[in-house]
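Generate the whole structure from the sequences, applying the supplied hints.
Protein chains in written order, with our numbering: chain H, 1 to 344; chain B, 345 to 688.
Only pairs whose alpha carbons sit at most 20 Å apart, straight line, appear in this in silico DMTMM-like list of lysine to aspartate or glutamate:
| # | chain 1 | residue 1 | chain 2 | residue 2 |
| --- | --- | --- | --- | --- |
| 1 | H | K296 | H | D230 |
| 2 | H | K303 | H | D230 |
| 3 | B | K421 | H | D221 |
| 4 | B | K421 | H | D7 |
| 5 | B | K647 | B | E521 |
| 6 | H | K77 | B | D351 |
| 7 | H | K77 | H | E177 |
| 8 | H | K77 | B | D565 |
| 9 | H | K304 | H | D258 |
| 10 | H | K296 | H | D258 |
| 11 | B | K648 | B | E679 |
| 12 | H | K304 | H | E335 |
Hints listed in this document are in silico derivations from the structure and should not be mistaken for laboratory results.
2 protein chains.
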Amino acid sequence: MLHRTGDATIVFESRPAILASAAVAGPKEGRGPLGGQFDLVLSDPMFGQSSFEQAESRMLQEACERCLQKAGAGADKVQALLGGDLENQIMAASLAARALGIPFLGLYGACSTMAESLLLGAALADGGFAAPVLCAAGSHYATAERQYRFPLEYGNQRTPAAQWTVTGAGACLLDREGKGMARISCAAAGRVIDLGISDVNNMGAAMAPAAADTLRRFFADTHTSPGDYDRVISGDLGRVGAELLHELMARSGVPLPDGGYMDCGLSVFDPRDDVHAGASGCGCSAIVLSALILPKLRSGEWKKVLFMATGALLSPTTSQQGETIPGVAHVICLEGGEDDAHVS
Amino acid sequence: MLHRTGDATIVFESRPAILASAAVAGPKEGRGPLGGQFDLVLSDPMFGQSSFEQAESRMLQEACERCLQKAGAGADKVQALLGGDLENQIMAASLAARALGIPFLGLYGACSTMAESLLLGAALADGGFAAPVLCAAGSHYATAERQYRFPLEYGNQRTPAAQWTVTGAGACLLDREGKGMARISCAAAGRVIDLGISDVNNMGAAMAPAAADTLRRFFADTHTSPGDYDRVISGDLGRVGAELLHELMARSGVPLPDGGYMDCGLSVFDPRDDVHAGASGCGCSAIVLSALILPKLRSGEWKKVLFMATGALLSPTTSQQGETIPGVAHVICLEGGEDDAHVS
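Okay, here's the thing in structure tokens:
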């Protein structure tokens, strides 16, 4: 028997529970509207380390450790860590995994990583292959800038469509059973979609078509529409990408209702901070998930949301070689709160 | 119920079948002992593309397409592609996924990627979440050299412990049912282990401790020993790493028997080619799996083997920042041939 509905969507029979989550965020993120909801706000983006890269890894480790602490679980009981980041060779996650000692399955999905880790983590937990499992993603403004764009010291000017990489990391502990903040009922992995965007300062436009493709496939499979969810939440489309997603969905005859859609990329920074089209990075959707989305599901304010992290698949090498920028988006259906746990 | 035995090992109840596999290899690999067994040997490492990176991506796509063709399956029927490579941001796999149009879950496990993809692919298939699934990994000598070491034009001298990145890609199509080349009965994900190796030209030494850790945990969980398998096969430890693995396993009281162990890194190149400690790269274990291991399982020459791909987790950035090099190794238990299909 395949636990699937339609072509794209995986149904998790046990509806794995997110037992706990944690978010660590940088100083600029701490000044934003979610500042009070993070488990730790760094006073220094170096986090006491000797490089930004080490700080990024340490943040991911800290988010995992705080998540385990909140769940009352020891790292030695966790059967798999699924995670990634934006550094070349996902070294932030790899070195965090070294420190944690948990069997590690490294993922790279650019900014879609948090949803990718939840999809695979839910499959491992629901199938009884590994539980509990830890799902994590993080990014750091300073490592991303110098790797993808320019050294910070160069002080380059940003275009209006540019987004600001979140300094932050989020982690969720999943288990097959147990009372949790929310449960994962189904998910869909996305296809790699490329409509020919080549502007490396416009990630939102590059990712929006993949987001629309995944949502369309998910709604068709599940015979649902955006109105069936308290929120349809994208990862980091930013202002440009969010507008394009609205347009693409409307054109497909599945418009996103006013007030029924939000983008994590427009939820992190203080609007007075100069971040142009919004926030981005693996850490963006990961910290908003932990600080905003899961708490609202636990409290019952939201009953059912779609969490869709989106990734722009590019490297400086592919851009220099003239490649356009494809996107990918994975969607996770989260249901809450504790009330309906164990009800399938 | 957890489909697990012991702490580390996942048991796949349906024993997912590898329906077909394919391998594409470069010219130097084609001159090696497995040259006649690859599905395609490139006459030109550029594969008709305008950059080595594009060639690497095209190879991965070609391996996937040939695998699907051999299985008589259309790409539109495949529910997930799990794969990766060594390029920054795994762009070779991402662009191959764009061409294939299959929902894509990107992995980064350095040279352990082929085993990581089989572990997660088997879980998706066995759990009924996605099937068939395509698992793939690839690497390219020229892209790896210029990314991790020096531009080829520099003509640097290689140390005796250095390994030569395989130009090649392999793919396997997994399904829950069906007659296959082999079946996946169980697997274990590895921990990230670091014994302090910092020589970026000695990947074998960096990976051997992780390989030993994974094997020890797997044997303890399954109450088996190396003698219970026709071969214990490592991914790309090379001459230095293979010797160290022998030593570490002997010290643990679980010695690898003579003739019962092989390393894919010592199976690819003609010994007269000047490759020092052997072959490496994601593509190494991927093409040996397809060209040597799976055919021997299908024919019945081997009944049961452990396929353990190993990865060295480093980037030029972490090395320049003084990090040592941790390793990771995932092990997959493969059983053949067609005779015992459907017997659980």
